[in-house]
Amino acid sequence: DAGVIQSPRHEVTEMGQEVTLRCKPISGHNSLFWYRQTMMRGLELLIYFNNNVPIDDSGMPEDRFSAKMPNASFSTLKIQPSEPRDSAVYFCASNAYRGGNTGELFFGEGSRLTVL
Amino acid sequence: GQQVMQIPQYQHVQEGEDFTTYCNSSTTLSNIQWYKQRPGGHPVFLIQLVKSGEVKKQKRLTFQFGEAKKNSSLHITATQTTDVGTYFCAGQGGSEKLVFGKGTKLTVNP
Numbered sequence: 132d133a134g135v136i137q138s139p140r141h142e143v144t145e146m147g148q149e150v151t152l153r154c155k156p157i158s159g160h161n162s163l164f165w166y167r168q169t170m171m172r173g174l175e176l177l178i179y180f181n182n183n184v185p186i187d188d189s190g191m192p193e194d195r196f197s198a199k200m201p202n203a204s205f206s207t208l209k210i211q212p213s214e215p216r217d218s219a220v221y222f223c224a225s226n227a228y229r230g231g232n233t234g235e236l237f238f239g240e241g242s243r244l245t246v247l
Numbered sequence: 023g024q025q026v027m028q029i030p031q032y033q034h035v036q037e038g039e040d041f042t043t044y045c046n047s048s049t050t051l052s053n054i055q056w057y058k059q060r061p062g063g064h065p066v067f068l069i070q071l072v073k074s075g076e077v078k079k080q081k082r083l084t085f086q087f088g089e090a091k092k093n094s095s096l097h098i099t100a101t102q103t104t105d106v107g108t109y110f111c112a113g114q115g116g117s118e119k120l121v122f123g124k125g126t127k128l129t130v131n132p
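Protein chains in written order, with the numbering used here: chain W, 132 to 247; chain S, 23 to 132.
Some clues are possibly wrong.
[Said to hold, decoys possible] Short, incomplete list of chain W residues facing chain S, as computed with Cβ under 8 Å: (1) I157; (2) L177; (3) V184; (4) F222; (5) F238; (6) G239.
[Unchecked claim] Derived lysine to aspartate or glutamate pairs resembling EDC-like cross-links, with alpha carbons at most 20 Å apart: (7) K79(S) <-> E39(S); (8) K79(S) <-> E142(W); (9) K127(S) <-> E175(W); (10) K78(S) <-> E235(W); (11) K124(S) <-> E175(W); (12) K124(S) <-> E235(W); (13) K58(S) <-> E175(W); (14) K124(S) <-> E240(W); (15) K155(W) <-> E142(W); (16) K209(W) <-> E149(W); (17) K127(S) <-> E240(W); (18) K73(S) <-> E240(W).
[What the hints assert, rightly or not] Distance ranges between label pairs, derived from CB positions: (19) S74(S) <-> G147(W): 45 to 55 Å; (20) E39(S) <-> G147(W): 30 to 40 Å; (21) E89(S) <-> E235(W): 21 to 31 Å; (22) V66(S) <-> P201(W): 39 to 49 Å.
Simulated from the structure, these hints should not be mistaken for laboratory data. We treat Cβ as the ideally placed atom computed from N, Cα and C, and that holds for glycine.
Take the sequences, apply the hints, and build the full model.
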């Protein structure tokens with residue numbers, strides 16, 4: 132079975148450019164999470180969706196970040212305009228949430244973003 | 023908000039030595055999960071603990087959840103080079119979201 136699929140795997144861009152990261156969750160999973168990983172801050176939850184609806188976006192750093200989930204099989208995380216401090220690995224994760232305990236998160240392989 | 027602290031940040035051991043990482047939450051948790059991330063890889067789920075005082079074992083790995091459901095530990099007996107990576111705990115409080123600790127990076131000298 133295919134796992135969580137993220138693209139691109141690597142992105143190098145210049146400050147000020149728009150960046151779009153994409154995620155396809157595991158089929159049948161109804162919760163989707165975007166995490167950012169840096170050496171300094173570790174794994175930070177940016178936003179999560181349940182049944183395509185954003186539930187908690189309190190981790191989104193600022194208005195330059197936005198995330199959408201137009202359907203159950205696709206989500207995007209957009210940064211506009213990008214800044215060097217946005218350089219990080221961005222992970223998407225999904226699971227089948229049925230209420231109560233969250234259960235195992237299945238992570239994609241990540242998108243490594245470098246903003247020059 | 024909910025915070026999850028993990029110590030130590032780094033641990034270097036000789037192959038065959040034991041290893042332990044500790045996790046503490048600022049709030050009572052409904053459950054705690056452990057993940058392993060190999061260098062250059064992504065976090066992979068190891069286990070979930072739900073009950074107060076719960077102890078679970080996976081071969082050389084022993085996981086504990088504290089009585090107050092605010093702390094947890096992962097112990098590896100007789101480390102091997104395949105154990106290299108960063109071990110994260112992740113706690114769930116009153117909402118769906120998991121808050122990750124900063125991880126313990128384990129290196130093993132053969």
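Less than 8 Å between beta-carbons is the criterion; does V184(W) satisfy it with respect to chain S?
12 Å, violated
Are the Cα positions of K209(W) and E149(W) separated by 20 Å at most?
7 Å, holds
Would you settle whether the hint for F238(W) is holds or violated, based on the nearest Cβ-Cβ distance to chain S being less than 8 Å?
With a closest approach of 4 Å, the F238(W) hint holds.
Does L177(W) pass the interface hint, meaning its C-beta sits closer than 8 Å to a C-beta of chain S?
11 Å, violated
Given the range 30 to 40 Å, decide if the beta-carbon distance of E39(S) to G147(W) lies inside it.
49 Å, violated
Does E175(W) lie within 20 Å of K127(S) when you go C-alpha to C-alpha?
17 Å, holds
State, for the Cβ atoms of E89(S) and E235(W), whether the hinted interval 21 to 31 Å holds or is violated.
24 Å, holds
Measure nothing beyond the straight line between the CA atoms of K79(S) and E39(S); if it is 20 Å or shorter, mark the hint as holding.
It holds: about 18 Å lies between the C-alpha atoms, which stays within 20 Å.
Closest C-beta approach of G239(W) to chain S relative to 8 Å, hint status:
7 Å, holds
Can you confirm whether the C-alpha distance between K124(S) and E235(W) stays at or below 20 Å?
Holds, at about 18 Å.
Does E240(W) sit within 20 Å of K124(S), going by the straight-line distance between their CA atoms?
19 Å, holds
Under 8 Å is the threshold here; is the Cβ of F222(W) close enough to any Cβ of chain S for the hint to stand?
This interface hint holds because 6 Å falls under the 8 Å limit.
In this structure, the hints that do not hold are numbers 1, 2, 3, 8, 18, 20, 22, in rising order.
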